[in-house]
Amino acid sequence: GDSVTQMEGPVTLSEEAFLTINCTYTATGYPSLFWYVQYPGEGLQLLLKATKADDKGSNKGFEATYRKETTSFHLEKGSVQVSDSAVYFCALSRTDYKLSFGAGTTVTVRA
Amino acid sequence: GAVVSQHPSWVICKSGTSVKIECRSLDFQATTMFWYRQFPKQSLMLMATSNEGSKATYEQGVEKDKFLINHASLTLSTLTVTSAHPEDSSFYICRAGTEKNIQYFGAGTRLSVL
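As you go down the protein sequences, you meet chains D and V in turn. Numbering-wise, my numbering puts 107 at position 107 of the first sequence, and it's gapless, one number per residue. Numbering-wise, my numbering puts 66 at position 66 of the second sequence, and it's gapless, one number per residue.
Errors might be hidden in some of the hints.
[To be verified] Okay, the calculated bits of chain D under chain V, using three or more residues with CB under 8 Å as the criterion:
| hint | segment |
| --- | --- |
| 1 | 33-47 |
| 2 | 99-109 |
[Stated by the list, open to error] Straight line, CA to CA, 27 Å or less: simulated DSSO-like cross-link-like pairs of lysine-lysine:
| hint | chain 1 | residue 1 | chain 2 | residue 2 |
| --- | --- | --- | --- | --- |
| 3 | D | Lys98 | V | Lys55 |
| 4 | V | Lys66 | D | Lys60 |
| 5 | V | Lys20 | V | Lys55 |
| 6 | V | Lys14 | D | Lys98 |
| 7 | V | Lys66 | D | Lys98 |
| 8 | V | Lys64 | V | Lys41 |
| 9 | D | Lys68 | D | Lys52 |
| 10 | V | Lys20 | V | Lys41 |
| 11 | V | Lys64 | V | Lys14 |
| 12 | V | Lys66 | V | Lys20 |
| 13 | D | Lys68 | D | Lys49 |
| 14 | V | Lys41 | V | Lys14 |
| 15 | D | Lys98 | V | Lys20 |
| 16 | D | Lys49 | V | Lys41 |
| 17 | V | Lys20 | V | Lys64 |
| 18 | D | Lys56 | D | Lys98 |
| 19 | D | Lys60 | D | Lys98 |
| 20 | V | Lys66 | V | Lys14 |
| 21 | V | Lys64 | D | Lys98 |
| 22 | V | Lys41 | V | Lys66 |
| 23 | D | Lys52 | D | Lys98 |
Note that these hints are calculated values from the structure, not bench results. Source: prediction; values computed, not measured. The beta-carbon is built from N, C-alpha and C at its ideal position, and this holds for glycine as well.
Take these sequences, add in the hints, and give me the full structure.
As structure tokens, this is what we get:
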């Protein structure tokens, strides 16, 4: 079945540091890939997505590229801020409705 | 602000009692509602999918009689954990979908069964 593996946290960074969260997946066919973010006390929000190989999703300074050859969708941001402190989830979907999630990575950015 | 309100955010109950978790869409009609469960440091696991006015479709391994899902209106779905036991302690999250397939998550409910 489908599965998503993302790097374990927690990750603690200083402001303006570079952030990478690794995500790899296992799925048949060509799934859509997503990154969701959950800020403290809030629900998960879609951060970015990519629907086919070599697509790059981007939002709020975050980027991730759909790499079919390595079955990866790593999340990156060049300069993090304290407000980026959250839990980040990688997910895939082969339909528009069912999502398979990674375990989540907690990121804390210190001023 | 939040477009999906999930309540309560945290509940502690005694073993053997039932707990109801509500998920409300605040400014849209949720034609589809998904309920997830998350154990510490693990993925969100889909428990069931429900469409308004229909019976919920449960994922394999999820007990229908234990996790009762009601989606009686386009703005409210409930998950009732019946006769809760300590192993039911977990984080439960709802996700509401619109006709245009726009998806919103609730903030989650942490259930602790003593």
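Now for the hints, and whether the structure bears them out:
no.	hint	in the structure
1	33-47	holds (count 8)
2	99-109	holds (count 6)
3	Lys98(D) x Lys55(V)	holds, 17 Å
4	Lys66(V) x Lys60(D)	violated, 41 Å
5	Lys20(V) x Lys55(V)	holds, 17 Å
6	Lys14(V) x Lys98(D)	violated, 33 Å
7	Lys66(V) x Lys98(D)	holds, 22 Å
8	Lys64(V) x Lys41(V)	holds, 25 Å
9	Lys68(D) x Lys52(D)	holds, 8 Å
10	Lys20(V) x Lys41(V)	holds, 24 Å
11	Lys64(V) x Lys14(V)	holds, 21 Å
12	Lys66(V) x Lys20(V)	holds, 12 Å
13	Lys68(D) x Lys49(D)	holds, 14 Å
14	Lys41(V) x Lys14(V)	holds, 24 Å
15	Lys98(D) x Lys20(V)	holds, 24 Å
16	Lys49(D) x Lys41(V)	holds, 23 Å
17	Lys20(V) x Lys64(V)	holds, 15 Å
18	Lys56(D) x Lys98(D)	holds, 22 Å
19	Lys60(D) x Lys98(D)	holds, 25 Å
20	Lys66(V) x Lys14(V)	holds, 16 Å
21	Lys64(V) x Lys98(D)	holds, 19 Å
22	Lys41(V) x Lys66(V)	holds, 24 Å
23	Lys52(D) x Lys98(D)	holds, 17 Å
Against the hints set out earlier in the document, violations occur for numbers 4 and 6.
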